[in-house]
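Student: Chains as they are written, first to last, in this note's numbering: chain B, 1 to 313; chain Z, 1 to 313.
Hint data in this document are derived by calculation from the structure and do not stem from the laboratory. Here a beta-carbon is modelled for each residue, glycine too, at the ideal position from N, C-alpha and C.
Chain Z is faced by these chain B residues, among others (derived, beta-carbon under 8 Å): (1) Asn35; (2) Val36; (3) Glu41; (4) Leu42; (5) Thr45; (6) Asp47; (7) Val53; (8) Leu76; (9) Pro127; (10) Asn143; (11) Ile208; (12) Asp209.
There are 2 protein chains.
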Amino acid sequence: MALSEFNLIARYFKQAQLSNAHTRLGVGDDCAIYNVPQGFELALTMDTMVEGVHFLPGCAPEALGHKLLAVNLSDLASMGAEPSAVLLALTLPAVEEAWLASFAQGLFALAQRYHVDLIGGDTTRGPRTLTLQALGLLPCGQNLRRSAAQPGDVICVTGNLGDAGLGLKIAQGGFASPYADTALTQFYLPEPQVAAGLALRDLAHACIDISDGLVADLWHIADNSAVAAEIYWETLPLSQAVQHYIATTGDWQLPLVAGDDYQLCFTISPEKLVDLNIAYWVIGKVTAGAGVAVYQHGVVQQLNRRGYEHFSA
Amino acid sequence: MALSEFNLIARYFKQAQLSNAHTRLGVGDDCAIYNVPQGFELALTMDTMVEGVHFLPGCAPEALGHKLLAVNLSDLASMGAEPSAVLLALTLPAVEEAWLASFAQGLFALAQRYHVDLIGGDTTRGPRTLTLQALGLLPCGQNLRRSAAQPGDVICVTGNLGDAGLGLKIAQGGFASPYADTALTQFYLPEPQVAAGLALRDLAHACIDISDGLVADLWHIADNSAVAAEIYWETLPLSQAVQHYIATTGDWQLPLVAGDDYQLCFTISPEKLVDLNIAYWVIGKVTAGAGVAVYQHGVVQQLNRRGYEHFSA
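Bound conformation, chain B alone (with noise of 0.2 Å):
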C-alpha cells in the first residue's frame, strides 16, 4: 500500500514538538506561520542537491539529510544569522520508508542543535531534488555582506581548506589515504559555521562561505566590494589529510579550488582581530585593484581553474 503524500509528510517532516520559540504554525496547513521578534529582520536562502550533480546515487540518506540542512546554514552563517527554520521541497522517484527516516534523522540530529524547525515544504515524485529554504534572524541592520571588504582588510578563514574535495577525491576511488576518515567526513557531514558568524557580525567586513571553493568564492568578495585580494599559499590551514595528500600528488591547488568545505572566509580590519574569540587562521590580505592574486614563495600562481560552476563549460 503506497502512503499519501499527506501522510508521508505528517510521518516523517511533522515534528512532535516545536523547538523555536517564533514558530507559530508548522507543517499541515496551506502555509507556516512564523513570527519575527521585534528588532530583527530575516534572512534567507535557498539551495538545492540533485542526484547524480550534488551527491552520488546510493549515497546514505542520513548524511544527504544533515548536508541539504548544512549547506543552507552555512549560508546564514556567512550572513551572521542565527538560524531559525526551514522549509523542505522533496522530489523522490518513489515512496522509500527507510530512505525517509534516514534522511529526517540526519535532518532533525542537526536541526535540533541550532533550535530549528522545519515549518514547512513540499512532497513531488520525479527524479531524485533535494531543496531546503532557510531563515535566520538578523538584527536590524546588522549583518555581513559580500560587498563590506576595505583595502587594509585582512582575510581570514575559520579551518581547514580542502578536506572535503579530497573526501569526494577519495569516495570516487581516485585516491586512496591513511587519513580518509577525516577528509570523508568533512565531505559527508560538514558543519556550518553558525557559532562563527554570529561571533563575526559586529566585527568583521565581508564575509563568504566556502562552497566552491576559496578562490572562487573569494572572487565574489573581491568584485562586490571593488577591491583586490592578495592570498599567501603557505598560511592556508591544512589538515595532515590534505598534506598527505599534496605532498604525494604534487597537487597544491586543491585546498584554493575544491568546494565544499562550508568555513567562512571573512575580511576584518586587523586591529578588531584581538576581539575574535572564535578560531580563525589569518590567510591574506585585501588592496585597492581588482581580482584575487594566489602567492606562493612569494610568486603569484596561475591557477587551472577557479573553482566550482554549474553549468561551466
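Position chain Z against the provided structure of chain B, taking the given hints into account.
Tutor: Then chain Z, alone, in the frame of chain B:
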C-alpha cells in the same frame, strides 16, 4: 560559450528595481534580507513542479513561470496573507537562454502585479524541477486555517470548478471542446485569489485553496476541524465549458475531483455572508460529524476517487 551559474542568475532573475517596501537585500549575496513590519507575522509556503509529473515536456516556459508563482500565491491567499517576496530554486538540464527569458517573463509579469520581489534562490543542473518559496504578511494572530470550520457554517467557493481539469484533458488530446480556450487558460494560467483571501481574513472561519480537487481539499478542512461537510452538486458554479463537457460525457464528477483550479473554498457563518464584498457561491454546509458527503438530487453519491495525490497507488 556557456553562462556561469552566477551570470545566469544575474541576467534573468536580478530585478532592476525591487518593488516590495520591505525587501532589504535581494539576489546576489549568501542570503536575502527581508524586514517584516511591526504588527505582522510571516506566512511561508513552498511548491514544486516537476517536468513529466506536473507539466509536460515542451510546455511554454512563460506559462510555467506564471503557474509556479500562481500556485504559491494561491497558498498565501488561502491563509489570508498578502504576498511579499519569493525565492526560486531552478533545476535545469542545460542553459537555454530563450527558455530562461520566457520563464522569467511569465514569473515577473505576475509578481509585479502583486509587488512581489524575487529575492534569492539557487540554480542547479539536473532534470527540470521548479521550486518556489513564497512569503506573505499576516497581521499578528489573524489567519485562515484549515482547522477553523464550525458546525452551522456554510461552505463557499470563489469561482468555477473543473475548468483546469478539463483543460488538462483537452491539452492531452482526451477531449475536444468548442470552449477549449476557457479551460486551457484556466489550466495553464490560473489566477491566484489573492484579493479574495484578504477579504476573507476577518470574516471566514476555515479556508483552503483547491489544488487537489474540491472534495480532496474539503476533506482536509473536515479532518482538521473535526467536522463533516455536505456538498450539493446542483449548486457548484460551472463554466459553459464544463457544462458542455458533462453533458457530452456524463462525467459529472469532474468538478468535484479535478485539481489545479486554485479557487478558494471557505466556511463562514451564514450571517457574515452579507459583509463579503467578493464573488462567491454557497455550495454546502458544515455539520457535526466527520467526512465529506456529496449530494446530487438529494441523494448521497459515491465518488470514484477523492482527487489528486502524489505517490498514491
